[in-house]
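Here full-length UniProt numbering is used: the first residue of the sequence shown is 1, the next is one more, and so on.
Incorrect hints may have been included.
[Unchecked claim] Label-pair ranges, simulated between beta-carbon atoms:
{"id": "1", "residue 1": "GLU330", "residue 2": "LYS104", "range": "29 to 35 Å"}
{"id": "2", "residue 1": "GLN78", "residue 2": "VAL273", "range": "53 to 59 Å"}
{"id": "3", "residue 1": "ALA80", "residue 2": "LYS231", "range": "41 to 47 Å"}
{"id": "4", "residue 1": "ASN115", "residue 2": "PRO176", "range": "17 to 23 Å"}
{"id": "5", "residue 1": "ASN189", "residue 2": "THR10", "range": "36 to 42 Å"}
{"id": "6", "residue 1": "GLN15", "residue 2": "THR345", "range": "38 to 44 Å"}
[As the list claims (entries may be wrong)] Under the rule of at most 30 Å between Cα atoms (straight-line distance), these lysine-lysine pairs were calculated in the DSS-like manner:
{"id": "7", "residue 1": "LYS305", "residue 2": "LYS287"}
{"id": "8", "residue 1": "LYS170", "residue 2": "LYS58"}
{"id": "9", "residue 1": "LYS341", "residue 2": "LYS35"}
It is worth saying that the hints were derived from the structure and are not from the lab.
For each residue, glycine too, the CB sits at the ideal point set by N, CA and C.
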Amino acid sequence: MRLDVMRVETVISKQIKRRYILIDDNGEIVEPVLKFLKYRDNIGNARNTLRAYCYHLKLYFEFLNQINVNYLNIDIDQMAKFIGWLQTPEGVYNVSYLNIQESKRNNRTINTIINTVLLFYDYLLRHDESQISILGNLKEKMSYSKRGYKDFLYHINKDKGFMANIIKLKVPKSKPKTLDKQQIQTILNNCTNVRDYFLLRLLWESSIRIGEALSLWIEDFNISETKIEIKDRGELENYSEIKTVNSPRCIDVSCELMNDFMNYIAEMHDDNVNTNFVFIKLTGINKYKPMEYQDVVSLFNRLKKKTKIDVNPHMLRHSSLTELKRLGWEAEFLRIRAGHKHIQTTLQMYIHLSDDDLRKEWEEVEKNMKIKSNRSDTSEFE
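Let the hints inform the model, and build the full structure from the sequences given.
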């Protein structure tokens with residue numbers, strides 16, 4: 001089979017939403033994947049999540065075609081081989097290399113793909129228990145004490161345990177990159193128009209997601225109270241959307257940011273603009289139409305080239321929340337501002353304190369930690 005003919009296609013649903021389907025080498029829709037994606041759509045998964053699921057399952061079905069195995073007949077050994085297949089540079093099964101080859105994907109990405117496949121089989125199992133038995137072989141029951149945190153219902157579920165994936169690659173711990181205020185200022189100084197300047201300053205000060213920024217309407221800005229309201233309007237014409245049910249919220253911002261907002265609207269939203277989206281395209285055949293994700297990608301690529309600073313919208317969000325933590329914000333306030341459901345998400349994924357931060361905190365309590373020594377030969381360093 002030629003692998004390049006299996007593809008993901010974008011379709012427009014009856015609700016005028018962009019969705020994704022998997023097409024096999026015969027030009028037919030892969031029905032089990034279609035049903036799985038519809039199910040995930042119905043339970044509220046975001047469009048980008050559905051897109052990722054479709055591409056992950058495309059890889060999986062390409063692998064199954066290479067080893068000539070039906071998706072209902074997979075076993076744990078073949079699933080382990082799938083991990084090896086994902087690591088090969090060309091994604092070709094049963095090929096030996098004379099020299100050591102770097103993995104095509106990192107372990108975190110591979111684990112994400114495997115989790116998608118397990119979600120797919122979990123759906124099949126719940127849909128028809130007689131179809132598949134692989135899921136039980138790929139998970140084991142773990143004690144709640146191994147979860148790393150206690151959720152709201154811990155006292156009820158602590159004796160029941162939870163199911164954890166057996167097949168999972170070890171992911172080395174690494175600190176996500178953040179930017180300091182000087183780097184932020186450098187990036188802002190290299191913006192060439194008031195729209196780009198306002199967008200980047202908004203992302204930095206408000207800690208909102210880029211999808212939330214592109215979803216903003218003019219009426220979401222309460223100038224007198226210096227607040228911005230993040231609203232869930234579903235999937236919009238520029239394909240931006242609110243990520244989760246916890247995302248709608250009010251964000252307090254500075255008077256200076258509101259002034260930047262008013263300056264931008266006064267300069268760019270003239271009589272030619274026929275939309276209440278805040279961020280609009282400034283050039284091209286779609287000038288004055290709502291700004292899209294690809295426009296943001298192009299903007300950040302230009303800024304990276306000009307400043308030599310590796311920056312993206314999510315890095316601004318990470319940096320903003322980390323700076324708020326450094327300035328003394330409590331975890332619950334950070335969770336609300338970030339639009340998270342669980343405080344663990346905020347603390348584990350978005351708060352990145354440096355070694356200097358840890359040193360500063362230690363120095364503030366160091367004297368209180370000291371105890372008097374009775375040994376005469378002990379030297380004390382002050």
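These are the hints, each one checked on the structure:
{"no.": "1", "hint": "GLU330 with LYS104: 29 to 35 Å", "result": "violated, 42 Å"}
{"no.": "2", "hint": "GLN78 with VAL273: 53 to 59 Å", "result": "holds, 55 Å"}
{"no.": "3", "hint": "ALA80 with LYS231: 41 to 47 Å", "result": "holds, 45 Å"}
{"no.": "4", "hint": "ASN115 with PRO176: 17 to 23 Å", "result": "holds, 20 Å"}
{"no.": "5", "hint": "ASN189 with THR10: 36 to 42 Å", "result": "holds, 38 Å"}
{"no.": "6", "hint": "GLN15 with THR345: 38 to 44 Å", "result": "violated, 29 Å"}
{"no.": "7", "hint": "LYS305 with LYS287", "result": "holds, 24 Å"}
{"no.": "8", "hint": "LYS170 with LYS58", "result": "holds, 24 Å"}
{"no.": "9", "hint": "LYS341 with LYS35", "result": "holds, 28 Å"}
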